Structures are given as C-alpha cells and as structure tokens.
Amino acid sequence: MMNFLIATGLGTLTAGGIWLMLRARTFDVIIGLTLLGYAVNLFIFFMGRLRVGAAPIMVDGVAPSLANYADPLPQALVLTAIVIGFAMTAVLLVIALRSHADCGSDHVDGADVPAPTAAAPRSRDTP
Amino acid sequence: MSWPHWIVMPIILPLISGAVLLLAARRAPALAARFALAATALLLAISIGLLARADGGSISVYLLGNWQAPFGIALALDRLTALMLVLTATVAMAALIYGCGGDDRRGAHFHALFQFQLMGLNGAFLTADLFNLFVFFEVLLISSYGLLLHGAGAARLRAATHYVSFNLAGSALFLIAVALLYGLTGTLSMADLAVRLSQLPADRTLLAHSAALLLLVVFFVKAALLPLYFWLPATYGAASAPVAALFAIMTKVGIYAVLRVTTLMFGAGAGSLTAVASPWLPALALATIALGAIGVLAAQHLRAQIGCLIVASAGTLLLAVGLARPDTVAAGLVYMVNSTLAAAGLFLLADRIGYARAGAGDALRAAAFDATRTAQAVLFFALAVAAAGVPPLAGFIGKAMLLKAAGTTAWALWVISIVLAGSLLLMVSFARSGSVLFWRPAGASPGAPPGGAQRLVAHHRAHGAALLALCGLLVMCSVYAGPLSRYTAATAQQLFEPRAYIAAVLGARPVAAAIDVRREMREAAKPGDAAK
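Chains A and B supply the protein sequences, listed in that same order.
This note's numbering puts the first sequence at residues 1 to 127.
This note's numbering puts the second sequence at residues 1001 to 1532.
The hints are simulated quantities; they were obtained by calculation from the structure and are not laboratory data.
Since this is a predicted model, take the numbers as computed values, not measurements.
Hints are supplied without guarantee of correctness; some may be wrong.
As the list claims (entries may be wrong) - Derived list of chain A stretches under chain B, where covered just means 3 residues or more per stretch with a C-beta under 8 Å from a C-beta of chain B:
{"id": "1", "stretch": "42-53"}
{"id": "2", "stretch": "95-104"}
What the hints assert, rightly or not - Pulled from the structure, derived: some chain A residues nowhere near chain B, Cβ distances all over 10 Å:
{"id": "3", "residue": "2"}
{"id": "4", "residue": "4"}
{"id": "5", "residue": "5"}
{"id": "6", "residue": "6"}
{"id": "7", "residue": "9"}
{"id": "8", "residue": "11"}
{"id": "9", "residue": "15"}
{"id": "10", "residue": "19"}
{"id": "11", "residue": "37"}
{"id": "12", "residue": "39"}
{"id": "13", "residue": "57"}
{"id": "14", "residue": "63"}
{"id": "15", "residue": "69"}
{"id": "16", "residue": "81"}
What the hints assert, rightly or not - The calculated label-pair distances, taken between Cβ atoms and stated as ranges, are:
{"id": "17", "chain 1": "A", "residue 1": "82", "chain 2": "B", "residue 2": "1482", "range": "45 to 55 Å"}
{"id": "18", "chain 1": "A", "residue 1": "2", "chain 2": "B", "residue 2": "1041", "range": "25 to 35 Å"}
{"id": "19", "chain 1": "A", "residue 1": "11", "chain 2": "B", "residue 2": "1365", "range": "25 to 35 Å"}
{"id": "20", "chain 1": "A", "residue 1": "18", "chain 2": "B", "residue 2": "1155", "range": "24 to 34 Å"}
{"id": "21", "chain 1": "B", "residue 1": "1517", "chain 2": "A", "residue 2": "57", "range": "17 to 27 Å"}
{"id": "22", "chain 1": "B", "residue 1": "1234", "chain 2": "A", "residue 2": "57", "range": "45 to 55 Å"}
{"id": "23", "chain 1": "A", "residue 1": "18", "chain 2": "B", "residue 2": "1365", "range": "34 to 44 Å"}
All C-beta atoms, glycine included, are put in the ideal place defined by N, C-alpha and C.
Chain A extracted, bound-state conformation (with noise of 0.2 Å):
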C-alpha cells in the first residue's frame, strides 16, 4: 500500500511538473520544475529503500547492515539535491523577473505574442 501511494505521489508531481513546464509563461515553467525537483528528490530518497522507523545513525549492539538501518547515503545525495535545486529555482526566478521587467511580458519568448486587451483577458493555455 504505501509503495503504491508513493508511486502515485510521484508520478502526479511529475506529470503535473512536465505539464506546467510545456506553458509558455514563465511563472508556470518555474512551478512546473520546482515540482519537478520536489519528485526528483523524492525519488532518490525513495532509492534507498523504504524504510520506516530507521534510522542511518548506529547504535551500540546493533550489527551494522542495512537490515537494522535506513541508508544514508541517499539521504546525503538528497539534501546536495535540494541546495543545488533551490540555487538554481533562485537564479531562474532572477531571470525571469529581469526578463519580465525588460520586455513587458511573462511569455519564455519575450514580448513576442501580442498585449492583452481588456475585451480578451490573458489567456493563461497559450501554447
């Protein structure tokens, strides 16, 4: 039960990460991949098996094998994974406010695709 719940987690973040990232407004890219980075890094926590009531610290009189811990390792590549997505979300988030201020639009072309008027008010499933 909880490997399908977590399978299904997943793969709700990827699809609606992907789906948010093929918008063509910044703001919806920049969700998309940050949900996308939420199930990438869940993944790899997954990857090391799961586990509950583990912990990947040791403990005296307790044989040291992955039977009687939670690995750490993936834990570790986890918490790498989250500075490096976090520093990246930020850089990206920079670029898409400088770009918004230089060319007036929120469109990942710049401001290639025509204002909106008052009469069509912007249309957020512009391809």
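Guided by the hints, dock chain B onto chain A, whose structure is given.
Leaving out everything else, chain B in the frame of chain A:
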C-alpha cells in the same frame, strides 16, 4: 609532477582565484584582470604538467578526503582527462585575453564567474564519481548562466530563460538516472558501477537500460545531439564573445561524458548493457551533421553561423563516439581539438568584425570596414579553413582519419556521404560569408564612413593577441599532427580497456595520515583500546 595533490589543483586553483576575484573585482579592476590572467596561465601550466604525467600511460587516482573508493569520491587522471584539461585551459586563456580587451568591464564579476566555470569544467573532467559529476555539471552551469547574462540585453535574457529552463529539466533527468543506478547497484563510483552493472541479475536489466539511456539523454543535451540542440545557436549567438568562445568547450563536456560512460560503464564487459547506444547514435549524429551544415548555410549572422558550426562538429564527434571503435574515437579526438580551437577563434573574430563594421555588426551583408580589413580577412580565412576541415590545417586530418576508420563499419556508406556533403556545405557557406564580409565592403554602403567604428577599437592589442594565439595553435596542431594523433590513438586504446581504470580507482589506498581523526574517534569510543 610527483606531488600527489597536483591532480586536485585544476579544481582548487580556479576556486581560490574565483573567490579572490569576487572580493577584488570592485576595488581594483585592472589588478583583477591581471590576477585572472596569471591564475589561468598557471592553470594551463598545471594542465600541461598533468598531460605529461598521464602520457606515461598510468592512471593516477586522488582520493578526496582520504576515503577509499568506492566509499569516498575519487578523482582519476587518464589520457582523455588530461587532454580535456589542456584544451579547456587553452581555450580559456585565449577567451580571457580577449575578454581583458574591454568585455570584462561590461558587467559585474566576469572574472570570478569565469574562474568558477573553469572549476566546474575541470571537476567534470576529473571526477570518477557519478553524483560528483552531477555536482560539477551544476557548478559549470550556474556560472555559465551568469556568464551568458554578462552585459545583459533583451536577446541574452530570452536566450538565458530558455537555456536555464532546459538545463534544469536536464538536471532533473540526470538525478533520476543517478538515483536509479544507485537503487540498482548501491554505488555511485563509476569504476564500481562498471563492475556491478556487469553482474546485474537478469530481472533488473530493463531498469538498468532505462537508467543508462536517461543518463545518455542528459549528456546529449549538453553535447547538442539532434532533437536536443535547438537551444544552442540562440544561446551561443547571444553570449558576449569571450563567453561564447569558452562555451565552445561546453558541448565537449557532454561528449566527454558520453565517451567516458559508454566506454567505462556500458562498454564491452557490461553484459546486457554493452553498446546500449550504438543502434541509433550514429544515425542521430549523422542527422545532426546534416542539419548543422544546413543551418550554417542558412544563417544570416556570422555568430549564428558559428553556433550551427558547433552543432555540426558536435555531430561529427558523436559519430566518432557512436561508432565505438578505438580508431574512430582517436580520429574524433584529433578533430575535437581542432574544431574547438577553430570555433572559439571564430566567435572572437566575429565580435572583432562587429567592432570593425560599426553599423552592420556581424550580419552577413556587405558594409564599410575600418583599416583592419586585410588582417581580419586573413584570420577569417585561416579559421574557416580549420573549421570546415579543408586540407592544409589539421581539421582535415581528423575528418580524413574518421572516414578511413569508419570505412570498415556497417555505417561506411552513410558516414562517408554525409560527412563529405556536410564538409562541402560548410566550405561553401564560409566561402560565401568571407566574400560577402571582406570582398565587397567598400561600395556597399557609401554613405556610412567607418568613423563610427573608431570609438570601439580601443583594445586592439588584447583582441589581436588572442586571435593570433588561437591561429598559431591551429597551425601547431597541423605541424605536430603526428604526435597529436599518436596521443589520441593511445587515449582511445586506454578508453577501450576499462579494466585498468577500474583497477586503478578501486585499488587506490588511502595514505597513512600523520593525524588520523577517524582512528582516534574509533579508539575513543572503545576505552579498552585507548592505550594504543
């Protein structure tokens, strides 16, 4: 070169000099430029020293933090790594000399970002650990984002938005592949992965295949293979000249990673994973050559043309890697050295031409030139000859070796026809560009005297020095093509015998440290042994 820590110096040196430059750039810009030049020259010297060391044929391993592989991260120096280090430092030196001619003052922290980019590149070439490779990819990418935006402008912002988003998606795929491989084998050391993937139980080969192909897709994003190269011409065309010249080495990181992974982890001994890419990689590489060459022909601006040239040469290199034979790889490496130097030189020259023709920039149309026309025409001719692979310069030797080596494979007919047709297209396009730029400039725009250009030509000397150095190196590569091809042949031989690499990495033992903190902690935990 017997001091063990030389191997880690190509990473440490740019890190330290980048940090110093971060502090110094605002206060003393002139001093910062000199310091950056000195640091890069030192890096070049160290890389050449490491090349001499690797040319002995042995693989040197450096255990970071004195942890034994596969538990810690190891750096490994073999012939391929040493060649890439020297090529990177050479291109960086030329780009930096050119950048000191004024481009470095157009935005903040050019020199610091440049050094961090070198750190990422050198680390990616040196590391023998898959996750560490990811980390160094991110180091070189995050500095490349900064460098791409250097000098700002709307075109650069738009190119950067695409480039950053695309590479972030690539990084996500990289992490999925790395995590899958870790879940399957329980290790991240490339040498240990090579051993364990060959012993994988049969029910896991499908997952291992997915992981291997995902990993290759990520490297193809960096290397600009057919469906994944559309970001490249816009990005390279938008970057400032020294940055674009340095980026000429960036596609080679992808090609290096493909070469390393396919020979080491998915090589002859990898069981079901052997030659995981070979059914389709040559076909995609040939299509990349064809489309790159058409792009070169169709380009309206010189820099877009050079961007497409990089795509075509990446296709040629991936073809050499995809045919997966020692002689094709050796030929590809000869070609890589020449095409990288030529592409970097062309990017610098395109910028110089833009200065010399104030109104027209690098657009491929006739415009009035200032007095430097003849010198630039000669340089353009030399670089275009090298880039298109026409006889007197060594780009031709690389291509000829590749055709000869591919002649005995199943792809022979396709390789020969498409590589030759691509070369013809490149030659025609560059001949046309050269004649449009240099032969008919005077009469084309009589109303625009080149007076406007004079305010921009203040830093001739650095620009000329960088261009002459690159042209000189290309001539040197042609004169010393014998030693170069001997070296690349030995490199390919070493790559196709991965057992030596695996034995060197897994056999490296930690040195006995004067102060062993870990042992002291162990002994402190066991009070009975503390007397020892």
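These are the hints, each one checked on the structure:
no. : hint                           : in the structure
1   : 42-53                          : holds (count 5)
2   : 95-104                         : holds (count 6)
3   : 2                              : holds, 16 Å
4   : 4                              : holds, 18 Å
5   : 5                              : holds, 18 Å
6   : 6                              : holds, 13 Å
7   : 9                              : holds, 15 Å
8   : 11                             : holds, 13 Å
9   : 15                             : holds, 13 Å
10  : 19                             : holds, 13 Å
11  : 37                             : violated, 6 Å
12  : 39                             : violated, 8 Å
13  : 57                             : holds, 14 Å
14  : 63                             : holds, 16 Å
15  : 69                             : holds, 14 Å
16  : 81                             : violated, 6 Å
17  : 82(A) with 1482(B): 45 to 55 Å : holds, 51 Å
18  : 2(A) with 1041(B): 25 to 35 Å  : violated, 58 Å
19  : 11(A) with 1365(B): 25 to 35 Å : violated, 53 Å
20  : 18(A) with 1155(B): 24 to 34 Å : holds, 28 Å
21  : 1517(B) with 57(A): 17 to 27 Å : holds, 19 Å
22  : 1234(B) with 57(A): 45 to 55 Å : holds, 49 Å
23  : 18(A) with 1365(B): 34 to 44 Å : holds, 42 Å
The structure does not agree with the numbered hints 11, 12, 16, 18 and 19 stated previously, though it agrees with the rest.
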